[in-house]
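Below, each chain spelled out in residue letters.
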Amino acid sequence: MKYLAFAAGLITSAAGQMAAAETPVLTVYTYDSFVSDWGPGPAIEKAFEADCGCDLKFVAAGDGAALLARLRLEGARSEADVVLGLDTNLTAAARDTGLFAPVEVAAEYTLPLEWSDSTFIPYDWGYFAFVQNRDLVAPHSFRELADSDLKIVIQDPRSSTPGLGLLMWVKAAYGDEAPAIWAGLSDNIVTVTKGWSEAYGLFLDGEADMVLSYTTSPAYHLIAEEDDSKTTALFDEGHYMQVEVAGKLAASDQPELADRFLQFMVTDAFQSVIPTANWMYPAVTPAAGLPKGFETLTQPKTALLFPSDEAAALRDPALAEWLAALSR
Amino acid sequence: MARRAQPLSPALGVVAALGVAVLILGALAAVFWRAEAGRGLGPADWQAVRFTVVQAALSAGVSVGFALPVARALARRRFPGRAALIALMGAPFILPVIVAVLGLLAVFGRSGWISQGLSLIGLPPLRIYGLHGVVLAHVFFNLPLATRLILQGWQEIPAERFRLAAQLGAGPGAIWRLLEWPMLRRTAPGALAVIFAICLTSFAVALTLGGGPRATTVELAIYQAFRFDFDLARAALLSVLQIVLTGVAAALALRAAMGEGFGVGLDRAIRRWDAQGWVLKGQDGLAIALAALFLLLPLAAIATEGVAGLIALPASVWGAALNSLLIAAGSTAILLLIALPMAVAVALMRHPGWVEGAGLLGMAVSPLVIGTGAFIVIYPVADPAALALPVTALVNALMALPFALRILVPRARAVIGDFGRLALSLNMGRRAFVRLVLWPRMRPQIGFAAGLAAALSMGDLGVIALFADQEVATLPLQIYRLMGAYRMEAAAGAALLLLTLSVLLFWLFDRGGRRHAEA
Amino acid sequence: MLRLEGVQIRSGDFTLRADWSVETGARVAVIGPSGAGKTTLLEAIAGFRDLAAGRILWDGRDIGRDAPGARPIAMLFQDGNLFPHLSVAENAGLGVSPDLRLTPADRTRVRQALARVGLEGLEDRKPAALSGGQQSRAALARVLLQGRPLLLLDEPFAALGPALKAEMLDLVAELAAESGATLMMISHDPADARRIAGQAILVADGVAGAPQPVAALLDTPPPALRAYLGEG
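Chains as they are written, first to last, in UniProt numbering: chain G, 1 to 328; chain Y, 1 to 519; chain Z, 1 to 232.
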């Protein structure tokens, strides 16, 4: 009798496994904060799984740069079908790995500039900006900031995505004058942190007047905390953009599902989660529009962004300038 | 040379040391193996090496220098709450970096408590950022460890020696020369080397408190090589440099740490007859009070900020706390299985240098490099996410190994020296020696080492960030996630939870270990 | 019978030679100047030092390569004869079973041995809670339980007062007589040697001499011993 029950158990569990095997698994590599309980991951997983008849599996690795490093370590053997969370500072290097395949995704992007890349599909974007308290008289440019006594916290470009964004921002706005701008800023910089969280924490604790973040950051305080005391300084030279993208891996064993996910990515079901979970602008504004509160955010007049190959070429010299100016 | 009969064999410890060396050097080799041609080390890297060595040496020197009066005061004084104070003072050492930095800056920062106080009397705020800030932060982290290591040295001087000294009418000066200085010559170099090695791999603390890229450490250079340039060869080369620097420090420390043990005592409670004068009492009181303030104020800041967030912690934080506890338990078990045999081997061997060296490796090599190496090795054979918890537990144990050895080795040496012959003449087998002599005689040290390992493991972000997926998160990772999602209040609450759990865990092990000793 | 056959013990550039026998049941004092190698000799017999040459035989069997605990020897050291964290009964119990797995019968024996040395009622004390004399008695109880035919004493009672030391030596002599054990004891005090030992070994100038009647040796001391005794 016991043996019978045991055998029955074996059969049912085998059947269970077969059923599980029949459900295709789409593996999406992304950065850590995307999959956290407070990021967009859980809601998006639920929405996609509702009609794909598949199992969407997020695998998290640090931030965008760590994500790319992990992908390079794994190479073509990677389990990943889709990588979500690179930005335009990384796409040139990502493209050079030869691991990505072009995709056809139809979308009416609401980005401030034309998007023509057919390998990397944008899902959200934002402007870098210095977050400050509303009662502080804001500088209107890097020059004004450099001439002021304001104290700022920034992130190290070697270890942080916003840090690298700031490097590109100054370079895009000032070109060859960038070293002079950094030299002028050096006495405003309280400190440089490893990552965004440290810098933002220091700012909230009052260690600095401003912190490098995004124009969308005040939206969190306004919407989630009903606190309208935070704003961002509008710089006349324009604001550098971060465009976050996803791409399909050439070696994916679920290419159709990957295509389907990338197409899903630019629909309302995905895009409507972005503003209040990733605190960025959606790449395609949902039909219902942006959540209330986003209209209060600073609107830069000029959007700055280097094409990805130019960004890749500028990175090392810009870093050298930054190091030289701030190490003195 | 005549072979000395021994109650135990170093074989197990030698195997453990070999295993540790193979694991860590193997991970390093895997990174080298996977590397494509890189650009080698540049002037910026050597600049980073210089800064790293300077700040680590200063941090180690200042930590141990301040630890001396504090440990001496704690060794000489008995007061209510002393044990609790010692346990709590150890907390900075086990905090996740980001939490500790924010706590530290809440007190010493531009708008911290002290600066606010200064502004009340019209003074400018503290200027914390710079080399002195780096050293201050490292002293904050390591003063407790240095104090404990040296205090342990004090407590290993048998009560009989103090009785003898008292009988001789030795005053504090004479006791210093007769007992304390020889003890320090044995313990301080080890403490210096360990703290130097910890500070070698510092990154976020050095950068944040150092105020900018002037404070670039080797670990940051490794980070840059790995994620900015994806130059694995340079990352591994820099890690080799870390090993060399740690090795040099360890060799210097071992060479300096000469001197005889104090022989066997009879477990009498230590009572001190010296240092009864009011001046000395005041001096000790001041040392304890200052250290307590320095270490506890930032903890108080963390607690104050965290209380509000603690009430509304998301459920996933509790799940992560459970994961962290599991990892801590596993890590502690692994640590003891490695560290005890290694400590015995070091105590028994005539030339144990390489065993100690293998023990230091875990701390010397960048966690990023170990994690990457482990990933490279594991990836072809298994799903790294499935192994996230055990690998994290193992790596955490390797990181705690150097501390555990510093704690265990002197005592193991003393126990074997004092009771080896007696055990041999009784024909006590190895198992019986471990059960009847080694374990009970080393319980306080084992408890201390286990507590430290558990708490360190709790607080360490470690390699989990490289391996984790959605489901598997530890408490430190969850704190970072909360902060990354702007939820600073909840993050502060989770940090307070982490602090509480770590201190509790440490206290449980440490207390469990010394229950007998002080009875 | 204990036999040392062409024994050489080396320690650094010092060599100690011995070539003689001790009869079973004999009580032998080991005397000689400080640093002459008395402790070295006993440690070699007990197995804590390797021999550079020669053999050590007990009743014709070579024990020179056996581990210390495997030799038919019990030894008391100058200090550290008790484990401070174990109770008196446990310390003594180690003499029955070195891993302290004691049967009820063993426990009875331990109690009897402790009673024999006068420690009745103190079984559960830790060594630190005993007087010096009581600590010595506890160690002797363990030796008694070990039941080894050869007992080596490296001045375990040196720290005790004269009366107490004499009392301990008498107790040792009694116990040795009861069990028929052979006794070798290092002594700095000629009076102790005369009191309980029939024979004496003089260790001096790199040689441990053959046992000879203690009275003869002390009454007509050779030059090395005379200098040590301060009679020359």
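No lab work stands behind these hints, which were simulated from the structure alone.
All values derive from a computational prediction rather than experimental measurement.
Note that beta-carbon positions come from the ideal geometry of N, C-alpha and C, so glycine has one too.
Be aware that a few hints might be false.
Okay, the calculated bits of chain G under chain Y, using three or more residues with CB under 8 Å as the criterion [what the hints assert, rightly or not]:
1. 171-185
2. 216-224
Only part of the chain Z face toward chain Y is listed, based on derived beta-carbon distances under 8 Å [unchecked claim]:
3. G35
4. D62
5. I63
6. A67
7. P72
8. A74
9. G80
10. N81
11. T103
12. Y228
From chain Y, some residues computed to sit far from chain G (all C-beta separations above 12 Å) [said to hold, decoys possible]:
13. G65
14. G81
15. A106
16. A159
17. L209
18. G212
19. V244
20. R255
21. W278
22. A287
23. V307
24. I376
25. P390
26. R481
27. T500
28. L501
Verification of the supplied hints:
1. 171-185: Violated - the region 171-185 of chain G has 0 residues with a Cβ nearer than 8 Å to chain Y, which falls short of three.
2. 216-224: Since three or more residues must qualify, the claim that chain Y covers the region 216-224 of chain G holds, with 4 doing so at under 8 Å.
3. G35: At 18 Å from the nearest chain Y Cβ, G35/Z fails the 8 Å test, so the hint is violated.
4. D62: Violated, about 17 Å.
5. I63: violated, 13 Å
6. A67: OK, holds: A67/Z within 8 Å of chain Y, min 6 Å.
7. P72: Violated: closest Cβ of chain Y sits about 11 Å from P72/Z, beyond 8 Å.
8. A74: With a minimum Cβ separation of about 7 Å from chain Y (threshold 8 Å), the hint on A74/Z holds.
9. G80: holds, 4 Å
10. N81: holds, 6 Å
11. T103: violated, 16 Å
12. Y228: The hint is violated - Y228/Z has no Cβ within 8 Å of chain Y, the shortest such distance being about 27 Å.
13. G65: holds, 26 Å
14. G81: holds, 30 Å
15. A106: violated, 6 Å
16. A159: holds, 48 Å
17. L209: With a cut-off of 12 Å, L209/Y comes too close to chain G, as the shortest Cβ separation is near 7 Å.
18. G212: For G212/Y, whose nearest Cβ neighbour in chain G is about 5 Å away, the distance does not exceed 12 Å, so it is violated.
19. V244: Label holds. Min Cβ-Cβ 23 Å, cutoff 12 Å.
20. R255: Check passes; 35 Å lies beyond 12 Å.
21. W278: The claim stands: W278/Y keeps its Cβ more than 12 Å from every Cβ of chain G (closest is about 41 Å).
22. A287: holds, 30 Å
23. V307: Its Cβ never comes within 12 Å of chain G, the nearest being 16 Å, so this holds.
24. I376: Violated, because the least Cβ-Cβ distance between I376/Y and chain G comes to about 6 Å, which does not exceed 12 Å.
25. P390: With a cut-off of 12 Å, P390/Y remains clear of chain G, as the shortest Cβ separation is near 18 Å.
26. R481: Given a closest Cβ separation of 4 Å, the condition is violated.
27. T500: holds, 20 Å
28. L501: holds, 20 Å
Comparing the model with each numbered hint stated earlier shows that hints 1, 3, 4, 5, 7, 11, 12, 15, 17, 18, 24, 26 do not hold.
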